[in-house]
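Undergrad: Chain by chain, the residues run as shown.
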Amino acid sequence: MTPLSIALNLALSFTGLAALCLAMDRHHRAIAGRGQSRARARALRLGGWAAIAASFAAAILTSDWNFGPVQWIGSLTGAALLVVGLASYRPAWIRPAALLALPLALAAALLA
Amino acid sequence: MRLGFRQSMAWLHTWAGLVTGWVMFAVFVTGTATYYRADISLWMRPELRAGPSEPAPAAERGLAYLKAHAPKAMAWYVSLPQPDRPLIGVYWMDSLEAPLGQATLDVGTGAPTVARDTQGGDFLYRFHTELQMMPTLGRWIVGLCAMIMLVALISGIVTHRRIFSDFFTFRRDKAAQRAWLDAHNVTGVLALPFHLMITYTGIVTLALMYMPWGVTAAYRGDDLRFYVEAAQTTTWSPAAGRPGEAAPLTPLLERAQGEVSEPLEMVIVNNPGDANATVVAVFEEPHGLAHQHPQIAFDAVSGKVVERVGALKPAARVFTSFMGLHEAHFASDALRLLFFLCGLMGSATIATGLVLWSVARMPKSGETPGLGLRLVRGLNIGTILGLPIGIAALFLANRLLPLDLPQRATWEGAAFFGAWALAALVPLARPHRRAWSEMGLAAGLLFGAVPVVSWLTTDRGLDFAGFDAAMLGLGLVLALGARKVARYEGRRAAPAERGPALGLVKA
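First to last, the protein sequences are chains Z and W.
Sequential numbering from 1 applies to the first sequence in the working numbering.
Sequential numbering from 1 applies to the second sequence in the working numbering.
None of these hints come from the bench; they were simulated from the model.
Heads up, the beta-carbon is just placed ideally off N, CA and C, and yes, glycines get one too.
A portion of the hints provided could be inaccurate.
[Claimed, not checked] Pair by pair, the computed Cβ-Cβ distance ranges are: (1) Z:38 with W:263: 53 to 63 Å; (2) Z:38 with W:7: 33 to 43 Å; (3) Z:38 with W:19: 39 to 49 Å; (4) Z:26 with W:19: 29 to 39 Å; (5) Z:29 with W:336: 49 to 59 Å; (6) W:174 with Z:90: 14 to 24 Å; (7) W:369 with Z:90: 49 to 59 Å; (8) W:307 with Z:45: 54 to 64 Å; (9) Z:102 with W:460: 52 to 62 Å; (10) Z:102 with W:216: 34 to 44 Å.
[Said to hold, decoys possible] Derived coverage of chain W by chain Z (criterion: at least 3 residues anywhere in the stretch with Cβ under 8 Å from a Cβ of chain Z; other residues may be distant): (11) 132-143; (12) 324-335; (13) 411-425.
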């Protein structure tokens, strides 16, 4: 339950939720200015759920079954609030932020 | 009138939320602050420096004070200094009915503390659990409201038709009612696991107070045996009535510390001075979710171990884990911040719900608002901005009241309630929208003043940088909110913008 393990959780949850947000047509249109193919939406949805699953695995591996689930759910709430805030106030930042979160997650995973 | 299932749930959600909203907002805000109770306590006693200290000498100092000042008590309690609470707390019980006597001692000398007389972070904690009323009454009110809040949460989930498709949706640039509804939904849904957990565990924590009959029936009135079997306390044995010579304390504590790796938290002496006296060493929670304190009881005269409390049976483990989840003592700094954020989102869910009720019933231009709407509006602003104003006044009073004022801690509480009452009454005499911006600005200025006044009246400099930053941040958010209200042009929603979901709120 170190700050690094929570940073890893937050980064993975954020990427996952941002992908799920982009997979929804209404948000994709608002963020990217155009629609998307069905295949792309499905790929985003798959990737999003995979990142959320990876976030769960990271929580269990770094904080075990005692605190892992608490930490995972907390990180999902924090990350989701960030996604909603960006989608409403700075939609153009979501994609770069989601891509930036991945190397941050990697760095936190290597250090944690 | 017959309503469909979802509509009747919407009705239930609206009214269950409204009647408990003001109390639950205050409980959520003070509970969220209580995640930082230790930090608030340190800030409110600027004379003390946080730091490590040896438990055994502190325990001896506490016992020496109790021997001199409460020799006839039934039990003594010495709460030992912790890094975030550098004080010795001594408490004594004269009888089962009388309230505990108490004093606060300095770690180094064992004399009554030089720190200012204040409840510290315990003030907001006591408001959170019992609204600063008589404990039983306050806990019943909070518990009843929490139960209705749980009803509001579950009926709210049923009412919300598009949890997943609106998961990330916050349309702040649409009609006012739509934006409030989105804000209510987003803060409610994104932290829903927290809201359900915190409300449920909050009720469960006091379940034995609300429903004592199971224990009374199963243990035939011997409730104390239940608490012993649930590993919450050691067995109480009555005094022998003969004096006994107590063994030295420090060796007993050293033996106890050899068995348990957690830090010592408290030393209890039952029947002090009696031949049947026991000394109980109480330790901090081991690392884990459960809120449970290992305890070792010694015969005070012979020094033999008479009881060990620690192993939990499954039911007790579940119960203490619920309490542990609610209090989050286990949380590290980063996780605590996430709990704090969730608490803020819970407060925001309640506040936006209350505002939404009044926005959905906004009178058409030219109509005068009815009594119900005016009542709700007055209570809304009086609670949502009045409570923060009260909290800022509490912190300011902590720094500004004279140090030698008799009953100083009570006066700090009076500042909290006085400022809150004033902040609730003044808006009644002002136009509604302007009252929101004026009170918001007042709250922002008061929070902004807290670190400034603290810098001017103490010599602690930047020791409390985190607390000061939190106060400045709160002040800034409140002032920006006030500016937004002041600049808001009451854009009327065009009828076409009102989606079907909005009708439900009014159902």
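Undergrad: Which numbered conditions among the earlier hints are violated in the structure presented, ordered from lowest to highest?
TA: 5, 7, 9, 10, 11 and 13
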